[in-house]
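Starting from the structure of chain A, add chain B where the hints point.
Residue numbers (this note's numbering), protein chains in the order written: chain A, 1 to 493; chain B, 1 to 493.
With beta-carbon atoms standing in for the labels, derived distance ranges: (1) B/E370 - A/I423: 41 to 49 Å; (2) B/A83 - A/I357: 49 to 57 Å; (3) B/V447 - A/V493: 33 to 41 Å; (4) A/E17 - B/P79: 55 to 63 Å; (5) B/P79 - A/Y262: 46 to 54 Å; (6) B/N393 - A/E115: 55 to 63 Å; (7) A/I357 - B/R138: 46 to 54 Å.
If you are wondering where the hints come from, they were derived from the structure by calculation, not from laboratory data.
No experiment lies behind these values; they were computed from the predicted model shown.
Even for Gly, the Cβ is constructed at its ideal location relative to N, Cα and C.
There are 2 protein chains.
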Amino acid sequence: MHDASKTNPTTPRRLSEVEKWDFETDVAIIGFGGAGACAAIEAADAGAQVMLFELASEGGGSTAMSSGESYLGGNGGTPIQRACGFEDSTEDMFNYLMKSFGLIADEAKIRAYCEGSTDHYHWLVDKGVPYKGSFHERRAIIPMTDDSLLYSGNEKCWPFTEIAKPCPRGHAPTIEGDNGGPLLFKALANQVQKRGVQIHYDTRVLTLIADDNNHVHGIVIRMNQQEYTVKARKGVILCNGGFCMNEPMLKKFAPKLARGNYPVGNPGDTGTGILMGMGVGGCAINMSEGFISMPFYPPAETTFGIFVNAQGQRFVSEDNYHSRVAHGVLQQPEGRIYLVLHADEDFTPPPLLNADIAGTGETIDELEDELKLPNGMLKHTLEFYNQQAEQGNDPLFHKAAEWLEPIKAPYVALDCSPDRGVIIPYFTFGGLETQPSGEVLNHNGDVIPGLFAAGRTACGVPRSGEGYSSGTSVGDATFSGRMAGKAAANQKV
Amino acid sequence: MHDASKTNPTTPRRLSEVEKWDFETDVAIIGFGGAGACAAIEAADAGAQVMLFELASEGGGSTAMSSGESYLGGNGGTPIQRACGFEDSTEDMFNYLMKSFGLIADEAKIRAYCEGSTDHYHWLVDKGVPYKGSFHERRAIIPMTDDSLLYSGNEKCWPFTEIAKPCPRGHAPTIEGDNGGPLLFKALANQVQKRGVQIHYDTRVLTLIADDNNHVHGIVIRMNQQEYTVKARKGVILCNGGFCMNEPMLKKFAPKLARGNYPVGNPGDTGTGILMGMGVGGCAINMSEGFISMPFYPPAETTFGIFVNAQGQRFVSEDNYHSRVAHGVLQQPEGRIYLVLHADEDFTPPPLLNADIAGTGETIDELEDELKLPNGMLKHTLEFYNQQAEQGNDPLFHKAAEWLEPIKAPYVALDCSPDRGVIIPYFTFGGLETQPSGEVLNHNGDVIPGLFAAGRTACGVPRSGEGYSSGTSVGDATFSGRMAGKAAANQKV
Numbered sequence: 001m002h003d004a005s006k007t008n009p010t011t012p013r014r015l016s017e018v019e020k021w022d023f024e025t026d027v028a029i030i031g032f033g034g035a036g037a038c039a040a041i042e043a044a045d046a047g048a049q050v051m052l053f054e055l056a057s058e059g060g061g062s063t064a065m066s067s068g069e070s071y072l073g074g075n076g077g078t079p080i081q082r083a084c085g086f087e088d089s090t091e092d093m094f095n096y097l098m099k100s101f102g103l104i105a106d107e108a109k110i111r112a113y114c115e116g117s118t119d120h121y122h123w124l125v126d127k128g129v130p131y132k133g134s135f136h137e138r139r140a141i142i143p144m145t146d147d148s149l150l151y152s153g154n155e156k157c158w159p160f161t162e163i164a165k166p167c168p169r170g171h172a173p174t175i176e177g178d179n180g181g182p183l184l185f186k187a188l189a190n191q192v193q194k195r196g197v198q199i200h201y202d203t204r205v206l207t208l209i210a211d212d213n214n215h216v217h218g219i220v221i222r223m224n225q226q227e228y229t230v231k232a233r234k235g236v237i238l239c240n241g242g243f244c245m246n247e248p249m250l251k252k253f254a255p256k257l258a259r260g261n262y263p264v265g266n267p268g269d270t271g272t273g274i275l276m277g278m279g280v281g282g283c284a285i286n287m288s289e290g291f292i293s294m295p296f297y298p299p300a301e302t303t304f305g306i307f308v309n310a311q312g313q314r315f316v317s318e319d320n321y322h323s324r325v326a327h328g329v330l331q332q333p334e335g336r337i338y339l340v341l342h343a344d345e346d347f348t349p350p351p352l353l354n355a356d357i358a359g360t361g362e363t364i365d366e367l368e369d370e371l372k373l374p375n376g377m378l379k380h381t382l383e384f385y386n387q388q389a390e391q392g393n394d395p396l397f398h399k400a401a402e403w404l405e406p407i408k409a410p411y412v413a414l415d416c417s418p419d420r421g422v423i424i425p426y427f428t429f430g431g432l433e434t435q436p437s438g439e440v441l442n443h444n445g446d447v448i449p450g451l452f453a454a455g456r457t458a459c460g461v462p463r464s465g466e467g468y469s470s471g472t473s474v475g476d477a478t479f480s481g482r483m484a485g486k487a488a489a490n491q492k493v
Numbered sequence: 001m002h003d004a005s006k007t008n009p010t011t012p013r014r015l016s017e018v019e020k021w022d023f024e025t026d027v028a029i030i031g032f033g034g035a036g037a038c039a040a041i042e043a044a045d046a047g048a049q050v051m052l053f054e055l056a057s058e059g060g061g062s063t064a065m066s067s068g069e070s071y072l073g074g075n076g077g078t079p080i081q082r083a084c085g086f087e088d089s090t091e092d093m094f095n096y097l098m099k100s101f102g103l104i105a106d107e108a109k110i111r112a113y114c115e116g117s118t119d120h121y122h123w124l125v126d127k128g129v130p131y132k133g134s135f136h137e138r139r140a141i142i143p144m145t146d147d148s149l150l151y152s153g154n155e156k157c158w159p160f161t162e163i164a165k166p167c168p169r170g171h172a173p174t175i176e177g178d179n180g181g182p183l184l185f186k187a188l189a190n191q192v193q194k195r196g197v198q199i200h201y202d203t204r205v206l207t208l209i210a211d212d213n214n215h216v217h218g219i220v221i222r223m224n225q226q227e228y229t230v231k232a233r234k235g236v237i238l239c240n241g242g243f244c245m246n247e248p249m250l251k252k253f254a255p256k257l258a259r260g261n262y263p264v265g266n267p268g269d270t271g272t273g274i275l276m277g278m279g280v281g282g283c284a285i286n287m288s289e290g291f292i293s294m295p296f297y298p299p300a301e302t303t304f305g306i307f308v309n310a311q312g313q314r315f316v317s318e319d320n321y322h323s324r325v326a327h328g329v330l331q332q333p334e335g336r337i338y339l340v341l342h343a344d345e346d347f348t349p350p351p352l353l354n355a356d357i358a359g360t361g362e363t364i365d366e367l368e369d370e371l372k373l374p375n376g377m378l379k380h381t382l383e384f385y386n387q388q389a390e391q392g393n394d395p396l397f398h399k400a401a402e403w404l405e406p407i408k409a410p411y412v413a414l415d416c417s418p419d420r421g422v423i424i425p426y427f428t429f430g431g432l433e434t435q436p437s438g439e440v441l442n443h444n445g446d447v448i449p450g451l452f453a454a455g456r457t458a459c460g461v462p463r464s465g466e467g468y469s470s471g472t473s474v475g476d477a478t479f480s481g482r483m484a485g486k487a488a489a490n491q492k493v
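Chain A extracted, bound-state conformation:
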């Protein structure tokens, strides 16, 4: 008899210890967020019996808390891209994403994601997610209008412009305000219910059930203070998120994310799925990486400013996506970081950033003095910048011409130093290594029979803040959920 008090995610229950199956299904899905919902829909559509297990009292996960934006394109363009006058090619999308994640990119996953991207758009629309063929031209993290399409990454930024034609690929469900996530999830949840999927809320999955070869056969759950076993004839799909809410796990695997101060996720993002996978030999990769950012826009106009380090030097192009700028900030040697802007009388700092005003000046000398920057450095930086911007050039960091204007007096400097109160959101990108199908791999690169993972429990398309674009996390979660749902349902038993 198993000692239940010792149950933890990284110790699978051995099949030989299971005395009876309390529940049986074809596919057991852990976590009813974006990935889990899509996995359930696809598995059911492929004819499998599906059960969903959710820790919370309702579904949604981090997807429902997000803007619901999906990064989609390629294949000539989604209908939304085309309605807005954009053609998109799969190669441009592929090259852009490969360049974004560089040495840590997963080529096979990016390839599958790009090739399946417009199909994924149609699938989402078919499931009731509404998009509108209107382009949100103004730079934003989230469109607060009901526009659907926006540039949500570094597509228009150097050096990406050198290898891929820029195209907006952020697809937000059409709704006013920051309400895309709930809208997206509601549509998916309706589809799950329609298919008669049995959903167990308030249910903690304790651990996997595996045989001596670590093949997965089911899960151990706790509902109403009772432990039950669930047989999953075709497979278990781990869709229970990343680990940004698990402090010891962050400290162990992603200690540098401690520079963030605002975890982005739901309380269930405790890495349990990743730990369960590791417990049966699953290989977790990219564990140190995460999204880590600084919401210095909106308003879009801050892009006209310059970031400078404690040397009074620029170090990044300010038209980069916010997490790429934050990556630059976090790489600077010790010392303060400032965002220098023109400020008229009614200047207000960016509302999401929570940055203090570190200094102001009618002249740049005055500002430099106030910031105690090395004598003349900021002055040279600004003069050089302004001179070049006047001509529409940024020879240092290649900021796009649309954001190049001399910065005029009076000046204000916002304190964007990490640890000085500025908001630094973060979440994790490390997870189980999977095939594009969602099959979890062990350390030898072999598939672990019966185990699948999707969303942030897997290490998916998005792999670093440096290369992130909005929509690659929700887009990947829903897409990878679908792939895993199909693959699990198609297992021979």
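What follows is chain B alone, placed relative to chain A:
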């Protein structure tokens, strides 16, 4: 009967499958490098029967290939430090190492290492490692004289000078040339032999033997094309190195180290020990980090130069340890990196760096033109630097006064861009999470009974190139080997 063809390090042989023990010992040590030798000595001295298993035909591992330098100090100073006129405090050493590794430091390990550091010196001397009380004042990676003591890290560099009194802690065995590693290892190997430790060379350890709770009971080895089982009554100690020679493992866990082009290690550094530990639930941490460097000195005089990026800006203090400078280089946005130096007629580039001359100039304008750097940027950088250096200041990066001199014409710029032929040595810092005692921890933070790890198989004191000091790897390998040897020998059975 076990299917031997399927044996791989991450799949432990189950105890229930073991039909007989071909060998029995108290402590089985895998890998006869610096860590393994020290583990064997301590385990034998604590009264345990010890067997050593080495893949190669002789011992040595990466320790014997290294300079043999150990990072030692604190506790008032080693006799060598004191003979050279240096007092050292444990707190200074501790604060220095904690600051070096920052968010990824292991406080308990650094504490134990600093507190045990002079004791470790005496232990090494007692085992026959010779040191000489002479200080190598000239900046070097390795003293080519027979001097023992040198500054081997960032001790004299800002911001370390703000939190710890500088003190040289690199202890090289006294011998002319780069021969400290063989000398150190020979002394240790003699001690191992003296203790009658049975050493099996040309022996591959295939996997661990563990029971169903992943408690470790022994190992499976292959010698002379035959498979044998070895029972380790008190424990198995994994001392078989890091994974810098395992390309698929590097690609999976430390993809960014691919920017290196010169692996530092022995052919056995294939991560097998780490994989074996993971196979019984061991938690591997810090897997993405490694030493990655650029040997831009010797000669020490290159420290008078300045590194500039594609913006013509400095980004690091050139008096930093070489891997800290390389860390700065590798963080720069795309584009070339140059080391700008004064060059007279008989200028020769640093011999270890393999850098091309990218440009020369009788004036800085000429050099800037030749390098095609943004107009005036390099000129401003150099003029500012020279003006400040004249007064012994470096307000930007706080280079120490001893290296501050205006750089005079004519100039030369060495191309230090990664991927342009410059030598970039690397090795790995990721490994099994252990207690300071060497006990391997699982994902729950519990000790895995019967399993120990030391040297680069464990994640030890050194954790990043950014914070590395020469001698922390060999110092940690020998020290952690000793701790693991003692702890294993002291297990109750």
